[in-house]
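**Q** As given, the protein sequences belong to chains P and B, one line each in that order.
When we follow my numbering, the leftmost residue of the first sequence carries the number 519, and every step to the right adds one.
When we follow my numbering, the leftmost residue of the second sequence carries the number 519, and every step to the right adds one.
Incorrect hints may have been included.
Repeated chains share a single entry, so a pair holds when one copy, or any two copies, can fit it.
Said to hold, decoys possible - Within a straight-line C-alpha distance of at most 20 Å, the following computed SDA-like cross-link-like pairs (lysine to any residue) qualify:
{"hint": "1", "residue 1": "Lys805", "residue 2": "Leu791"}
{"hint": "2", "residue 1": "Lys805", "residue 2": "Leu556"}
{"hint": "3", "residue 1": "Lys767", "residue 2": "Thr520"}
{"hint": "4", "residue 1": "Lys767", "residue 2": "Ala674"}
{"hint": "5", "residue 1": "Lys868", "residue 2": "Ile641"}
{"hint": "6", "residue 1": "Lys868", "residue 2": "Ser778"}
{"hint": "7", "residue 1": "Lys767", "residue 2": "Leu531"}
{"hint": "8", "residue 1": "Lys868", "residue 2": "Val847"}
{"hint": "9", "residue 1": "Lys868", "residue 2": "Arg580"}
{"hint": "10", "residue 1": "Lys767", "residue 2": "Glu588"}
{"hint": "11", "residue 1": "Lys767", "residue 2": "Ser699"}
{"hint": "12", "residue 1": "Lys868", "residue 2": "Gln775"}
{"hint": "13", "residue 1": "Lys805", "residue 2": "Gly554"}
{"hint": "14", "residue 1": "Lys868", "residue 2": "Ser548"}
{"hint": "15", "residue 1": "Lys767", "residue 2": "Arg714"}
{"hint": "16", "residue 1": "Lys767", "residue 2": "Ala529"}
No lab work stands behind these hints: they were computed from the structure.
Computed from a prediction, not measured in an experiment: that's the story for all the values here.
Listed below, chain by chain, are the residues.
Protein chains: 2
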Amino acid sequence: MTAPAFSRRAARLSATLPAAPPADAIPFDSGHAFPGVLPDLAEAARVALTTYRAETLQYAVRPGLPEMREFIAGYMRSDGIDVSSEQILIVNGAKHGLDLLCQLLLDEGDAIVVTAPMYFTAIPIFRNFGAEFIEIGQDDEGVSVDALRDSLQRRATAGEPPPKFIYNVPDFHNPSGVTMSRRRRESLVRLASEHRIPVIEDSPYRRIRFDGGAEPALKALDPHNVYAVGTFSKLVAPGLRVGWIAAPKEIVARLIQLKSDGGSCPLTQRIILEFCRGEGLQQHIDKVQRVYREHRDRMVAALRRELPQVGLTIPDGGYYVWLRFPEGVDTDELARRALTAGVSILPGSKFFSGTGSGAPRNYARLAFSHASPEEIDRGVSVIARLVG
Amino acid sequence: MTAPAFSRRAARLSATLPAAPPADAIPFDSGHAFPGVLPDLAEAARVALTTYRAETLQYAVRPGLPEMREFIAGYMRSDGIDVSSEQILIVNGAKHGLDLLCQLLLDEGDAIVVTAPMYFTAIPIFRNFGAEFIEIGQDDEGVSVDALRDSLQRRATAGEPPPKFIYNVPDFHNPSGVTMSRRRRESLVRLASEHRIPVIEDSPYRRIRFDGGAEPALKALDPHNVYAVGTFSKLVAPGLRVGWIAAPKEIVARLIQLKSDGGSCPLTQRIILEFCRGEGLQQHIDKVQRVYREHRDRMVAALRRELPQVGLTIPDGGYYVWLRFPEGVDTDELARRALTAGVSILPGSKFFSGTGSGAPRNYARLAFSHASPEEIDRGVSVIARLVG
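Please model the entire structure based on the sequences and the hints provided.
**A** See the structure below:
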């Protein structure tokens, strides 16, 4: 049997997939929703498939349903972002949005700016495009703009081309949980604009806030140079696969041509529109915030009780806590042993793009979203027993 | 305002989109379904969103729902194709499948084999990857394998690398309407296998057959070297955006990693599974065949009555007829005038990738799927009046 000649992109990948954790493991690894907050969409679907049948079962127009684009633009304007419906492109989830932005901006070998650690699912997407990762560290105000400035300066001095974009998760950063301060946001967008490097703002958890007030979105501070990627996965349900990109109109026009996929699914778009009508979305978000705040509090309490030696930043929102175990704890090994003991966690090593200095081995990300409160207690106990 | 530095791929595109035809034009341009055959999916959606809520609203497993992969494998086996569920990857429609196969196989400048004319929507997808098109003509048995053999021979002699894949629509070819003969299919897969060039078989209309029996699928003749792209768009409804790739398991493993999109929508997959249960799919296909046979017959009769000077192949299935106007008729100009007169058609020039010898100007594709029988009569009359 002969394999065909693969592209360079495909040749970089291994032909074997990592095994999925067993279905009965306590799921501290996953960004799934808690089953108790999954909304009832049956009535929205009925309307979508009767009243709107001729729309929802035909090909959609390529940029997305006009009402959906208008809804999202209004939703973002209510968050202080100056954006019109023509600046919105509907995509099949935020990861698809990231992929399209890479198509728009990246050639093989181009540099991009990421944080260390960073959202681990974005790593293979960027790597598929042959990106060179420039890893910048964070403190409790977010990504270090001073370190980024130095890095850009060094590249310029060395005659290297500037990075093609700056990727950031400014709210409840995944995995670190840090929310970028207003001052830091202002410095970041200013530096990016001076260097004419677009910023990709990925903020799926922005409305899943438990404490305090929101800082302005990066796109609110610079609507032209920041491209925002959004999703209904965390607001309504992951399975719907509806997300968006908000970017200047001429960027959206190019993205539409790169998308060439027959239009994103009009049925799921219409189901979301029906569900979000009136107070639907806000009521649902209120419930989601309430449930996940309880989950977070439960997990933080269990960690302090059972693993007092572990450092953690309490996140003001989102799905995750980022744990710093004492030096010498190898979380890759811990994750393997935890899985055997029935708990699935993600070791910190997965969150480093790996081209900078060696990734620290003593971090882990725990999701409090998917597991039940009882599973949270039980799972943390199991980990504590393993760490000893 | 400054544009960012685009990728080479994006720089090849213009930043303006073609205008959509007005909604009240008679839609001979479109591959949409006739509204009268859109199925009632409300009950299937109710079950999907109640009984299966925990599945349909969470992230799906990356290769697609196991039941859906099993259903498609069974569906293909009933068509004589030796395939297992592990060889099926669920994607967001056939165009997404083509895009993923390009990701797997193509680097910028790689050659691919297409027909002239070819399915026009595939042209920008392949072009986005910087493909060099090798255009091969067709006769009434399908693509010319002799011409392809000569072309491969010439490239080898010139020291040029072989093409990375052969793309073909063997059933009711879009746009030419030609169904490849069995003999030609056998020669094509044999030649491809000898040269170790994978074949991409794109056959969305295969079950939309009005006359005669089916020839074996290319993949039935060579399950290893043929990668089949399938879709529910023509079988159930375009808006669902569920398609698949059938390929060897190790190819599927690589495609899954390239896909990195959070899994295709589990809700639309489950709706389709519910709809297709028992006799559901076959009953629907019977209806679709009946309706589109009437549409085809109505259009062919109108064309013979009103435009006897136009040459056409009567297609045994699918959505389209391909018209050869007398030399001297410029169908780009005709399409513009027809649109002004309220009829939207696609000029033949759109179906040539344009890197071979100059595309003929006197062809046009007319879809009989979307318009009503009355609109078919009216639209053909308008065109006849314009041609004079």
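**Q** Any hints this thing doesn't respect? Which numbers, in order?
**A** 4, 11
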